[in-house]
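Q: Let the sequences and hints guide you as you build the complete structure.
Protein sequence lines, in the order shown, are assigned to chains L and E. So that you can map any letter, position 157 of the first sequence is 157 in this note's numbering, and since no number is skipped, the others follow by simple counting. So that you can map any letter, position 197 of the second sequence is 197 in this note's numbering, and since no number is skipped, the others follow by simple counting.
Calculated from the structure, these hints are not laboratory results. For each residue, glycine too, the CB sits at the ideal point set by N, CA and C. Heads up, a few of these hints could be off.
Simulated coverage check for chain L against chain E, where a stretch passes if three residues somewhere in it have a Cβ under 8 Å from a Cβ of chain E [unchecked claim]:
hint	region
1	128 to 137
2	185 to 198
Pair by pair, the computed Cβ-Cβ distance ranges are [stated by the list, open to error]:
hint	chain 1	residue 1	chain 2	residue 2	range
3	E	Ile298	L	Ile129	20 to 26 Å
4	E	Ile298	L	Gly142	53 to 59 Å
5	E	Val159	L	Gly256	44 to 50 Å
6	E	Arg157	L	Asn327	39 to 45 Å
Listing some non-contacts, in silico: residues in chain E with all C-beta distances to chain L over 12 Å [what the hints assert, rightly or not]:
hint	residue
7	Leu107
8	Ala136
9	Leu179
10	Phe328
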Amino acid sequence: MPKARILTVAMVLTLITAGCWDRQEIENTAFVMAVGVDKAEPPDRFKLTVEIAIPSQLSNVGATSQDEQRPTNWIVTSTGETIYDAVRNFTHQLPRQPQWYDLRLVVYGEELARDYGIHEALDLLDRNIEPRRQAWVLVSKGVPASEIMRTSVPISLLTAEAIDDMMNVSAVRSSTIVAKTLHNVYQMISAPGWEVYVSPITLIIEQDSTPDQGRLPQGPIPTHHPRVGGTAVFRGTHLIGWLDDIQTRGLLFARGEITSSVLVAPCAPNGGDTMSIQLISVNGQLTPVMKDGELTAKVTVEALGNIGEMYCNPRASINDLNEQFANVIEEGIRMALDAVQKDLGSDILGLGLKVYQQLPRVWSQVEEDWDAVFRTVPFEIEVKASLQRQGLVTSNVEVR
Amino acid sequence: MVISVLLVITAYDPVRQDAWISALITAVGGPLITWLIMTLAVQFPGETFMEYAPRLLGKVLGPIVSVLLLLFLMERGTFLLRTFAGMLTLSVYTQTPIIVFMVLTSLVVAVGVRHGIEVVGRLGDIFTPIYLVVTAVVLAASVPLWDTQWVRPIMARGVLPVIIGAVTPTAYFVEKLYLLILAPVVPDVKRARTVATWAAFAASVIMLLFAICVLFTFGPFEAPRFSLPGYYLARIASLGDLYERLDIIPLLAWSLTMVVHLSVIAYALTKGTGQLLGIRDHRSLAFPLASIGIPVAIMSVADFAQFREFVHPSIMGVYMLGLVFPVFLIILVVALIRKAPARPSARAKGGK
Chain L
1 MPKARILTVA MVLTLITAGC WDRQEIENTA FVMAVGVDKA EPPDRFKLTV
51 EIAIPSQLSN VGATSQDEQR PTNWIVTSTG ETIYDAVRNF THQLPRQPQW
101 YDLRLVVYGE ELARDYGIHE ALDLLDRNIE PRRQAWVLVS KGVPASEIMR
151 TSVPISLLTA EAIDDMMNVS AVRSSTIVAK TLHNVYQMIS APGWEVYVSP
201 ITLIIEQDST PDQGRLPQGP IPTHHPRVGG TAVFRGTHLI GWLDDIQTRG
251 LLFARGEITS SVLVAPCAPN GGDTMSIQLI SVNGQLTPVM KDGELTAKVT
301 VEALGNIGEM YCNPRASIND LNEQFANVIE EGIRMALDAV QKDLGSDILG
351 LGLKVYQQLP RVWSQVEEDW DAVFRTVPFE IEVKASLQRQ GLVTSNVEVR
Chain E
1 MVISVLLVIT AYDPVRQDAW ISALITAVGG PLITWLIMTL AVQFPGETFM
51 EYAPRLLGKV LGPIVSVLLL LFLMERGTFL LRTFAGMLTL SVYTQTPIIV
101 FMVLTSLVVA VGVRHGIEVV GRLGDIFTPI YLVVTAVVLA ASVPLWDTQW
151 VRPIMARGVL PVIIGAVTPT AYFVEKLYLL ILAPVVPDVK RARTVATWAA
201 FAASVIMLLF AICVLFTFGP FEAPRFSLPG YYLARIASLG DLYERLDIIP
251 LLAWSLTMVV HLSVIAYALT KGTGQLLGIR DHRSLAFPLA SIGIPVAIMS
301 VADFAQFREF VHPSIMGVYM LGLVFPVFLI ILVVALIRKA PARPSARAKG
351 GK
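A: What follows is the structure, encoded as structure tokens:
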């Protein structure tokens, strides 16, 4: 009897420990770090360019021998009728099975974002279990996404990692970049009265491409590298235009999404000398209010800053400086509003959503033609700004 | 628990950002249902429903209702088995046939049932702290992603959607009818009633917390899209660099508790069937019932789309609250009016 039992247990164990259907061996996987999505030549619709990490080379950083210095990433391109189709078509080129668990970056080509919209290119990333929602979403500006994939950043081993870090850092340290993940994009698309905006990514072309003798013999020095910044503005899922850096800052002030930045403000209303202000804390709020039966948007910003550098001559009073500080913020917001409301007509501010949340009755009236209503909503801007610290010196060095 | 969030967020779309209010209503309705179920058990201390049903409802109606109760438990158990296996195949094991998980789970559950309710209870003792800690970590890890504005506007569409939204999660508590068979295993039924009611309340509170976290993290427009909102929350939540992309751990913890949950239902089903058929040792029924359960589970719900249709208030609510629960209420009223006819051999057995 015990024998029979042991036998049964053994048989069951062989059934369940023999492995499962979903096993993935590490030596058979290719880690996809970034994907660029472009329009493809007909009959195919989508062209995917992926950056695949080469783990053996990533752990080989200290190698000095010429032979061992092989590239750390591999860029592969595939086309297909749908995104998934294109993904599967990688099979024809990849000796290993692509894995999307580590995806850091999704770059949509400008043309694709304008012509197709990004809707079709989003579903797989949400439905499949591999990609994560924390991946950054960017739109390539002026170049196809595949070109972005092909660049490299010399101090990073992988382009995807470089841009990932860039987004992490500049989202905190700069006010002219919008850092949006897939998670944010899905929210912006699905919420009423809120349009999508993500960061553009461009290429900086370096004129002098001849390798410097002093540099390490790490292979050819790249002649271009990526730059992020500004805003790509969508309506629905289609790209319709761009905001420049200053307008982006205004947008982020109005949405209260700025954590830190450096602002350049004139010392006096008539311009001339300038000072640089390091923002310490910003509290921005966009509130819809009903004023005399008319929908009005109120932007209130409270900003604290430190003096970073100052070339004001003659020295201005702190009140005047505060005023200039506030003016610069207000001007930025104005510029952003003009672009968003008048030129592009896309509610990336999320004003409609705020109306839905705070004035649901009003929203039910304007919901139908919000796009048109948004263009006519008057904005009131109120900025309170004050300078806190002046630094280690009270005035800049005097020239005699 | 992954499933319970689904019930309040996904089951009825129009509730949207008010899902947490529905969860609040459930926190009242769920414990109430549990208390009522245990009240019937309190009338017949030391007896299972199968034992007192013939005395209470007559020699014909009693067994019929007993069979209905067993069928209901069979349906609940297989539904849970199907959902559990579905959760695994949807989230991690996307290529593995669903029947693998059903067979393995049924085996585990059947072994547990054969060893008796003590073993199942001990499992609960071990897994519940794990479950609570992991769930707390997942919920806490979602806090940095919160946008509390998502909760507005509160009840913009009036009270009705909120109430309809509460129907499915509340109806789910009717499942606790298995307590009618389990109650005799504890010496003090009255205390058990208090404990069960508080347990139901605690379950609703966890569901409420889940609903709030999912709502604040994803917003009311995204959340109803997810097949498994709780799992989705675990996927995106991260605590700095310390805890990131570890959704497999919560999934494991939730799986353990679901197996315990299923074991409880399976135990009640096995014991009830044994008593109804007059089999002295009901344990021998564990494997046969498990083998029946697997095909029933496969047939119960075709896919997750159908699952969503099934949990819609118009189906789940009518089935559980409109069909099953009234039958129970009638029995409870009859029991209260007839003042619990004394068990013939109560004194002989010691009337534990």
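Q: For this structure, which hints from the list above don't hold up?
A: The structure conflicts with hints 5 and 7, although it agrees with all the remaining ones.
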